[in-house]
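Trainee: So the protein sequences, as listed, match chains X and G. No gaps in the numbering here: position 123 of the first sequence is 230 in the numbering used here, and each next residue is one more. No gaps in the numbering here: position 235 of the second sequence is 236 in the numbering used here, and each next residue is one more.
A hint or two may mislead.
Said to hold, decoys possible - Derived Cβ-Cβ restraints for the label pairs, each shown as a range:
hint: 1; chain 1: X; residue 1: R135; chain 2: G; residue 2: S86; range: 36 to 44 Å
hint: 2; chain 1: G; residue 1: D48; chain 2: X; residue 2: R135; range: 27 to 35 Å
hint: 3; chain 1: X; residue 1: R135; chain 2: G; residue 2: Q46; range: 20 to 28 Å
hint: 4; chain 1: X; residue 1: A129; chain 2: G; residue 2: D38; range: 37 to 45 Å
hint: 5; chain 1: G; residue 1: F197; chain 2: X; residue 2: E347; range: 28 to 36 Å
hint: 6; chain 1: X; residue 1: D227; chain 2: G; residue 2: G79; range: 25 to 33 Å
hint: 7; chain 1: X; residue 1: V413; chain 2: G; residue 2: R92; range: 27 to 35 Å
hint: 8; chain 1: X; residue 1: L464; chain 2: G; residue 2: I35; range: 53 to 61 Å
hint: 9; chain 1: G; residue 1: E24; chain 2: X; residue 2: A254; range: 48 to 56 Å
hint: 10; chain 1: X; residue 1: A231; chain 2: G; residue 2: L191; range: 31 to 39 Å
hint: 11; chain 1: X; residue 1: D359; chain 2: G; residue 2: L191; range: 49 to 57 Å
hint: 12; chain 1: G; residue 1: L191; chain 2: X; residue 2: E347; range: 19 to 27 Å
Unchecked claim - Per the computed footprint, the stretches of chain G lying under chain X, defined by three or more beta-carbons under 8 Å from a beta-carbon of chain X, are:
hint: 13; stretch: 21-35
hint: 14; stretch: 59-70
Hints are computed from structural coordinates only; laboratory data are not their basis. The beta-carbon is built from N, C-alpha and C at its ideal position, and this holds for glycine as well.
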Amino acid sequence: MRGFAWALLWVALAQPAAAQIAAPDLSRAEALIREGKAEEAWQLLAPHEPRHAGRPAYDYLLGTAALESGRAALATFILERVIVVNPGHSAARLEMARSYFALHDYERAEREFKAVLGADPPPAIRALVLRYLDRMRAQAPPSAAPALHGYAELTLGRDSNVNAATSAGGVLVAAPAAGREADGFSALGAGLEYSSAGGERHTLFAAADFAQRTHFDLDRFDSRAADLSVGLQTRLDERERLRLALEHNEYDLDHSRFRRTQGAAAQWSRELGAQARVSLFGQALRIRYLDEATQSESSDLALAGVRGVRSLDRAGRTLGSASLYFGSDHATSGRLDGDRRLLGLSGTLQRRLKARLEGYASLSIIESDYRQQDAAAGLAREDRYISAELGLSWRLRGGWSAHPRVSRTHNRSNLPRAEYGRTEASLSLRRVWQ
Amino acid sequence: MLKLAFVLTLVAASAHAQDKAGEVLFAFGKAERIAADGVARPLSQGDSLHEGDLLRTGPDSHLQARMIDRALIALRPGTELRLESYRFPGREGGAERAFFELMDGAFRSITGAIGHGNREHYRIKSHRTVLGIRGTDHETFFVGGRAAAGTYNRVSLGGTYLQTRSGRIDLEPGQTGFAALELEAVPVLLPRTPEFMLAALPPAARDSGPPVREGVPADEERLEAPLERSAVERVYGTGQNGTRSFGPNGIRSFGRGGRGAVPKHGPPAGKGKP
């Protein structure tokens, strides 16, 4: 009898663990997927795969949960089973097509989307599938057809230090501002970009931006900025890109010419898998102040650095990026502080909060060491510029979007005349045309 | 006596488990394994696969298995695949192996732990071609008896290489490579994936599944997110126009607050017009 009990215990222990798991609750899993809790649905269903794979109702939900929780490759593997068992399972073909789309496997995605269309789906599904097909065509390698994009933007905001007053006042201008002055402002911006494929690998582009800021009270700080850039993007292979651009910027302050910036930029980037990219970049700028009082600030600036961007979760909802760069700023017109060497570090975290809402936080730090000793202080200027920004980007219907943001910048310096701080909050409403 | 039988059973089960390479997840149609004894045994869900097994699927038949390192393999109809060597002692330490020999047909593999660190420990041989990995998800076909006979490989995620005695090509996601069966054939990159590879699954039939689930029509996230081409594009879009965001994100926005590396849209500190 004792031996029999041993045998029973042995048989019980020898059962595979999966057999001891109750049958999956498919209704619950379906509800979770509908509620957007795909990860929970995946956790609920996945342990049952060894015993339930091959059952279309189970596999369909498992595949859908896999896709929605960011496991697109696994989703295609699972959904294959549904289609093998039931080739007429259009719902599974639709999820399969969406999985291929998520994997950027457009050849297969197109094939499955067309299979869904061939099954005469309801109008809403037909419209969805057609949108996917349009989207894939839009993402096909650059066609010969030129493209024109544009935007217009209205911004309202408040700036705590419109005149960028330093803690010591503006000691170098003829009539320095007395101290920091806060004011509200409105800004209008608009831009156009034209691009055209020059062969299979090359895309030429030209862009123009215009922005005008008007202050509510301090109109002597009203400004206008115009940017022009032209360039070439070359696809070196499937993962590598090279971009070269020439840039020109005009900046007017108080309705008169204030500064002109001209330069060239280059960026090489390589995608590391589907979730990361690394870039090397360089930029050379000729910065000329046109106003007599400030023209000594003119310089030639060269920057070079490295940048990495990575998706921080499977679904690509959270992205992190970081840049490290160094530069040399050569004073061309006798700047009081002389030449400058700088080292910069910046990072951004960006997260998709909802389907149409993104939030981001960025931080930038630049260390600058100037070469010329200040006669009064007996030391060379050293700055630490820190800038932090928080913002949201809310995509509305019809190409509209709203962008609230708040930023704080602070320039710490060993010379009081160069130290200042500023906080700016604004809300922009933007319309984009493509 | 019963205790002795229990111990012997444990020992036998342990010895058998040692060369276990994987387990069948899904078998559809005719799928079988031929072990070293030469006997063909039909496969069904839960059956174990072992090192040295020859796996075979019949026409219109499919087989999926999860391997001991959590890799997944799927055999298409009319495939013969040998698990030449499949060992995984629990972690990558040099003793792990995932060596396949594709004799005919097609199989897809999502790699597991093997090959993560030591890529040379994952290998597929197909006639005169050797295929190695630099990534995770790929599909390999051997096609014989026709003009374009040889080994085809398409990558979904990660990367693979195709190598013959005459050359090697590396393949990236979305790319398909081909190594012809002839001697001295150099692997080439195909401009498009051949139709027979895309048609590995059964063609669509009259709709006989459940209705499409609720929620799919509201697919704005996938269709409108600025991420579509690549997840990493999004950070570049923080500015007004991603195409003009050269260099660090900050460069374009320095100007707004002002006196950073590139003071684009403001006067230098303390030098605003009075």
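Trainee: Against which earlier hints does the structure fall short, listed by number upward?
Mentor: none
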